[in-house]
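Asks: What follows is the residue order along each chain.
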Amino acid sequence: MSARLIALGIAFATLVTVPYWMPGDYYINVASQILFYAIFALGLNVLVGYAGLVSLGHAGLFGIAAYATAYMLQTGYGHTAAIVVALIVGIASMAVYAVLSLRSTGIGFIMITLALGEILWGLAYRWISLTGGDNGISVRTRPEPFGFSLASPNTFYYTTLIIFLLSVAAMAVLVRSPFGASLMGTRDQPRRMNALGYHVWMIRFYACLVSGLLTAVSGILFVYYTQFISPQTLALTSSAEVLLMVISGGAGTLLGPIVGATLVVVVKTVVSGFIERWNFLLGAVFVAIVILMPEGLVPGSARLWRLAWRKLNAPAKTAATEGEP
Amino acid sequence: MSRKVTRRKFMAATAAGAALATFKFPSPAIAQAAPFKLGLLTIKTGPLAQGGIQMEQGVVTFLKEKNYTFAGRKVDFISADTGGNPAGTKTKAQELIERDKVDAILGPLAAFELLAISDYVAQHKTPMLSLAGADDMTQRKPNPYFLRPSACSSQAMHPMADFAAKELKLKKIVTISEDFAFGYEQMGGFQQTFEENGGKIVNKIWPPLVTPDYTPFVAQIADCDGVCQGFAGSNPLRFMKTYAAAGLKYPVVTGETGGDDALMRAFGDEALGMYSCCPYTLDLATDSNKRFIAAMQKDYKVDPGFYAAGLYVAAAVVAAGLEKAKGKSDDKEAFVKALRAVDLEDTPRGPIKFDHLGNVIGDFYVRRVEKVNGKLANKTVKTYHNVSQFWTYDETKFLAQPVYSRNYPPLKS
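For the protein sequence lines, the chains are A and B, in the order given. Going letter by letter, the first sequence gives residues 39 to 363 in our numbering. Going letter by letter, the second sequence gives residues -5 to 407 in our numbering.
Wrong hints could be hidden among the right ones.
[Claimed, not checked] On the chain A side, residues computed to face chain B include the following (Cβ under 10 angstroms):
1. Tyr64
2. Tyr263
3. Lys306
Since the hints were derived computationally from the structure, they do not count as laboratory data. We put the beta carbon where it would ideally sit given N, CA and C, even for glycine.
Next comes chain A alone, as it looks inside the complex:
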């Protein structure tokens, strides 16, 4: 347990000091991207990992929160109003998603969320008076909470970091709470949970709302980061990308989505500058993950680590037992 605390302390210190040891603004911006994509992946992980519901339409929710922010700012509202409205719109759309898609699970759920995501993409693309169509909407300024401007890479990074840490803490609490336990119950034994008197549908619905909240938060951070939103953000590839983050890192674990987001963002932004065929590399990494640790990077590495540990300690232990009278 103490080893875990030390590891967490080191990770925390590393995150806080990023602007001091990163070689330049560019890398700080990459770190910000990792963090808000990690929040997005955490949001999806609530459904994929803990509720056992795979969604392929989350980019639509991510995008709708981003569009809501951009649209509100464009019409002349302040940042606070824009953010509040975006959160409400994000959660409300997730509620609609949930009502429609929770009628089924498994493949049915995937297909309905996929269709809903595509509908949102189509709306963003075609409802030109609202979204600007292909030309998108630009966000001119970043907010200045308490006179603290987020325009510089450092301040934006720290804001994202605070929101990220809050999200991780909230997830940790949620998973350990009775609600978290009942959610995992509905994943593993929905019929038994039903027989025990739990309202399975309602538990899943609440999980969807939590997922929608985190997705909306990351969508807002995204639009403030890029200061631009266009329909490409809502496309199926974005949904698939975030699902890959969750699956590659390890669905149903707290750290998995964060590791997955780091992997995808680093390959997509940094490594692609050195390797022209970076999609190929990303694909190869995923294939390797699927073959070597199908449960994901975090649980997979933990398993390999335990295995190695046991192998190393095994001879010593047998020697010890033999030595006993």
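Fit chain B to the given chain A structure using the hints.
Replies: Frame of chain A, contents of chain B only:
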């Protein structure tokens, strides 16, 4: 191909520079020797990669011709792949501006990429030269650090419509183009000029960008005496095949992407007789164009098209601008001013200069696809000289009307 400055080299150079500065060596000579950093945002992966790779080839061809030296300064060329999505473009633009500290950016390719980074690039006062269409970048939402040496989306369609109405004597045309901003702006420009010259657009058809089969769309073409297509990428090839297979014989007119020279080796006889209007044409007999084609043939064994030529010219504008600014690129405002004042007589696309919004004023060529020695080729039939983005319209009046869109100008019943 690209020359990257590693961080170590950069640090070494900075340290050396700092050391020299401390020892009070004659500093002007050192300032002159600092390399000029030229960044390129292009697409090397995904469906738009074909044009994106040509863009890089165009730049490299020009750099080789100049031996990687502009105005006595060595040029460091840094190429970045945006992946063809706006968020990726933003990240790569940050990489170029914040990490590599480039003096000018060439690209990006697509309008949605350009719009995603326009504000950011203006904030960092980095000159950017792109061939993305997006009319409003040099019209209703101008960016003072932006130049477009190729053409805005509608620019080639105004003369094309003029030609279709006056020379081809077409009266009723059906337009068909991809369902996105570039298509709307092309077709809008065509419609406005064509209808002013007595023609009529009878129907506008918008297939999605990714359309597996054009047959249902081609079937809607009727009651007309000509077709205007505005397809981009490899879509013109597939559209023309379907068009011919349906037995349609109406003359076809198109813009710079629909009849690109780089497509000629992939077209079949179905493209014979198609007219296209383009800011670049392979058969322009100027010295620089001959040099350019020969170099492209030698290094890449391809005929250059609009993308390669566009970026070759963009690089030439940067070189000429730096020359005008006496090799100084640190004062960004002065550098952009020098770039916009560039007036080149001999480029592969003919003479060019810029208007006060940063858009090119240059020659546009109406070409007809013909068979020469058994191979398809565009033959120029008419040259429109000094075409601006406003065509013959008054600038203020033109800017007062909305940007061309799916519903503007409206279809007259």
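Asks: It remains to establish, for every hint, whether it holds in the given structure.
Replies: Now the hints, each set against the structure:
1. Tyr64: 4 angstroms, holds
2. Tyr263: Check passed: Cβ of A:Tyr263 comes within 8 angstroms of chain B, closer than 10 angstroms.
3. Lys306: Holds, because the Cβ-Cβ distance from A:Lys306 to chain B comes to roughly 7 angstroms (cut-off 10 angstroms).
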